[in-house]
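From these two lone chains plus the hints, build me the complex, please.
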Amino acid sequence: GAVVSQHPSRVICKSGTSVKIECRSLDFQATTMFWYRQFPKQSLMLMATSNEGSKATYEQGVEKDKFLINHASLTLSTLTVTSAHPEDSSFYICSARGARLAGGGDTQYFGPGTRLTVL
Amino acid sequence: AQKITQTQPGMFVQEKEAVTLDCTYDTSDPSYGLFWYKQPSSGEMIFLIYQGSYDQQNATEGRYSLNFQKARKSANLVISASQLGDSAMYFCAMREGRNTGNQFYFGTGTSLTVIP
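Chains A and B are the protein sequences, given in the same order. With my numbering applied, the first sequence covers 1 to 119. With my numbering applied, the second sequence covers 1 to 116.
Bound-form chain B, shown alone (with noise of 0.2 Å):
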């Protein structure tokens, strides 16, 4: 089974919109981390936002959040107020367990349009 599943292959979104980009994950293992990250046309990979498996609330960082939803498994990106930057791919990623040395397994990724 994927471990991380990223069901939007394209999204376009309108200037000064939110989107919400849709990542959902599987894991039996109590403790994981999840993150975002960002990869424009140039190809370098950007952080941009980490939750926690026992965080307790939904993490943010400026324009970005990630909707949480544990039972659910998902932890969707939303980005409020889109700039025409933002057009990009996005990965959404899981960490198993607590050993910080553990490998990320990553989603196929959405590619974001935003239009003017």
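Isolated chain A (complex conformation) (with noise of 0.2 Å):
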């Protein structure tokens, strides 16, 4: 199936510091990206869509400037938390999808996850 990866897997940072989440879909060309986020034994929230080339659709309720999405290329996007806080505190997933996925439907594929702790 389609591999999706995130980079990195666990970050530690100070309070006021930003943390730059990679996403990558390896094997496919990702038109559509997704960023959620989850916190302990709670389900997964939508935080945007991003697609290539054009800027990223933000949930309600979601703060655009403390949460800079950047989808710059077909194989990558990027989530930055700018001046990080312990609310912040959680686990970020991504997921692609892509023009050539295959077998399951059309569904998405998601990375491994980054968990973020803000001291």
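Incorrect hints may have been included.
As the list claims (entries may be wrong) - Computed cross-link-like contacts, DSS-like style, restricted to lysine-lysine with a CA-CA straight-line distance of at most 30 Å: (1) B:K73 - A:K41; (2) A:K66 - B:K3; (3) B:K3 - B:K70.
Don't read these hints as lab results, they were simulated from the structure. Remember, predicted model here, so these are calculated numbers, not experimental data.
This is how it looks when you write it as structure tokens:
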């Protein structure tokens, strides 16, 4: 199946710093990528939808100036948490779908997630 | 209204037994897709099975089958011959419409524990 990677898998940072998370589609071109946030023992909450070459569409309540998303190429999207605070500590997951994904219907493939801890 | 409802926060099953995880959905769009994902403690979301709204037959993938009852708007996941490695969180999800770029709506998940 399709492979999506995320880097880093885990990051610990001080309050006030910015953190960049990368999401890559390894064997397909991802026209659309999604960024989710998951708090412990809760479901995934969509933060934003990112289409290659255009501005991301943010869900209601998600601060676009705090969570910067860039989808500059068909294989890479980045999420930057600016001026991170302890309440931003969470599990961030990206997913991607692309033009030539086959099998399993039109599913999304998820990255392994990034666990962010802000001290 | 919730798009996806999973009413079982936790389930236990004996190893080698079958287990059904419930999922109901709410949509007025005639075209939609239903998905089940497994999330082990590592956090990775693992795709299990997909059912399209127009599919005539229930989807099956190995030990996983989806009991699709369109009139009841339910899409229960059946895991046969449970294994210890099946212990994980399971999420039901739905995508509305034909646009494959549309977002997924996730349920709150069911934690499955397989007992040896």
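Check your understanding: Are K3 of chain B and K70 of chain B close enough, with their CA atoms no more than 30 Å apart?
Key -> With a Cα-Cα distance of about 15 Å, the restraint between K3 of chain B and K70 of chain B holds, given a limit of 30 Å.
Exercise for review: For the pair supplied as a hint, K73 of chain B and K41 of chain A, confirm whether the alpha-carbon distance does not exceed 30 Å.
Suggested key: 25 Å, holds
Practice item. Would you mind confirming whether the straight-line C-alpha gap from K66 of chain A to K3 of chain B stays at or under 30 Å? Key: Within the cut-off at roughly 28 Å; holds.
The structure meets every hint from the earlier list without exception.
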